[in-house]
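Asker: Listed below are the residues making up each chain.
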Amino acid sequence: MSDAWLIVAVVGIGTMLIKASGPVLLGGRVLPARASAVVALLAPALLAALVVSASVSSGSQLVADARLVGVGAAGVLIALRAPILVVVIVAAAAAALARLWLS
Amino acid sequence: MRSPMTETPATPTLSFREGATTALPLAVAVGLFGVSFGVLSASGGGIGALPAVVMSVTTFAGSAQFAAAAIVAAGGQPIAAIAAALMLNARYVPIGVGVARFLPGGPLRRFLLAQLVIDESWAIASKGDGEFDGHRLIGAGILLWLAWVGGTVVGVIGGEALGDPAVLGLDAAFPALFLALLIQQLRSRSAVAAAILGGAITLALTPVAPVGVPIIAAAAAALLGLARR
Chain C
1 MSDAWLIVAV VGIGTMLIKA SGPVLLGGRV LPARASAVVA LLAPALLAAL
51 VVSASVSSGS QLVADARLVG VGAAGVLIAL RAPILVVVIV AAAAAALARL
101 WLS
Chain B
104 MRSPMTETPA TPTLSFREGA TTALPLAVAV GLFGVSFGVL SASGGGIGAL
154 PAVVMSVTTF AGSAQFAAAA IVAAGGQPIA AIAAALMLNA RYVPIGVGVA
204 RFLPGGPLRR FLLAQLVIDE SWAIASKGDG EFDGHRLIGA GILLWLAWVG
254 GTVVGVIGGE ALGDPAVLGL DAAFPALFLA LLIQQLRSRS AVAAAILGGA
304 ITLALTPVAP VGVPIIAAAA AALLGLARR
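These protein sequence lines are chains C and B, in that order. Quick note on numbering: the numbering used here labels position 39 of the first sequence as 39, and the sequence is numbered without any gaps. Quick note on numbering: the numbering used here labels position 10 of the second sequence as 113, and the sequence is numbered without any gaps.
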């Protein structure tokens, strides 16, 4: 099995079990408040990690390249409340232009 | 996100339809989001066209799928991609517990219906005070799932024709997307603190840890949730 299929299989099955755990096993019970507080912070912590990693890492090196221009453009558009697809397209275009100009 | 509640007691069919109608504008956005997932997965260095479509059908969780795709595109180990995606989806445990008693049917039916729970369908079904309309959730969830899978199919068809993602700036699309998703999560001070700490952990570990590991390590920032209250 290739790496891609391994990821698809494990993430797919794992997510199904995660989503079903409440409705199938736990019924109407609630999670302890402390567990909920930690789980609630997983998404912001990991998404920030992904922003950093996808912006400035190249393998195990920290680099500043055209991607930063794209992320900057995305930040401006998000502040202007642009739709997510516009944000992504403009970020890509800005990075592509910066790359042309830098090379 | 929530539409005004109807005065008359809603029948399941009505609620189902109402959920789908409310989700319609979101379905457009989710569909386009699916297109970008397809494009990024099928262009050079991604997880590939067919795996991307199968993932959208089975996983149906945008940020986790993008996280896995980004780590693969960066050359990370499969275990890193899997761990990051599953930790992002961990929020569906408390969300699922919250909607559990509003989903109809026996264990198998509830297992399947639970797959329709995503941030958007959950928000549409919320009636406030921890009450949910299960049929609204199902109506919204089915429409959003169709949009997500359909968008992914369109995206992979386009993405295979695109070739090298760097030329088109697609490598900047990942961080832009994560930034947009992150902003939506910053609804409390502790969320902002967790985000800053998570970003700092990743920055510090990138030069010294294997690819993908700095992202997983950032999950430790969520332990800030234990500190307060």
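FYI, nobody ran anything at the bench for these hints, they're computed from the structure. Virtual Cβ for every residue (Gly too), placed ideally from N, Cα, C. A few of these clues could be false.
Going by beta-carbon spacing under 10 Å, a handful of chain C positions derived as facing chain B [stated by the list, open to error]:
no.: 1; residue: 3
no.: 2; residue: 14
no.: 3; residue: 64
Asker: Would the hint on residue 64 of chain C stand, with a C-beta cut-off of 10 Å toward chain B?
Answerer: Violated: closest Cβ of chain B sits about 12 Å from residue 64 of chain C, beyond 10 Å.
Asker: Mind checking the CB of residue 3 of chain C against every CB in chain B and telling me if the closest is under 10 Å?
Answerer: Status holds, d = 5 Å.
Asker: Take the shortest C-beta to C-beta distance between residue 14 of chain C and chain B; is it under 10 Å?
Answerer: holds (5 Å)
Checked against the numbered hints above, the structure breaks only hint 3 and satisfies the rest.
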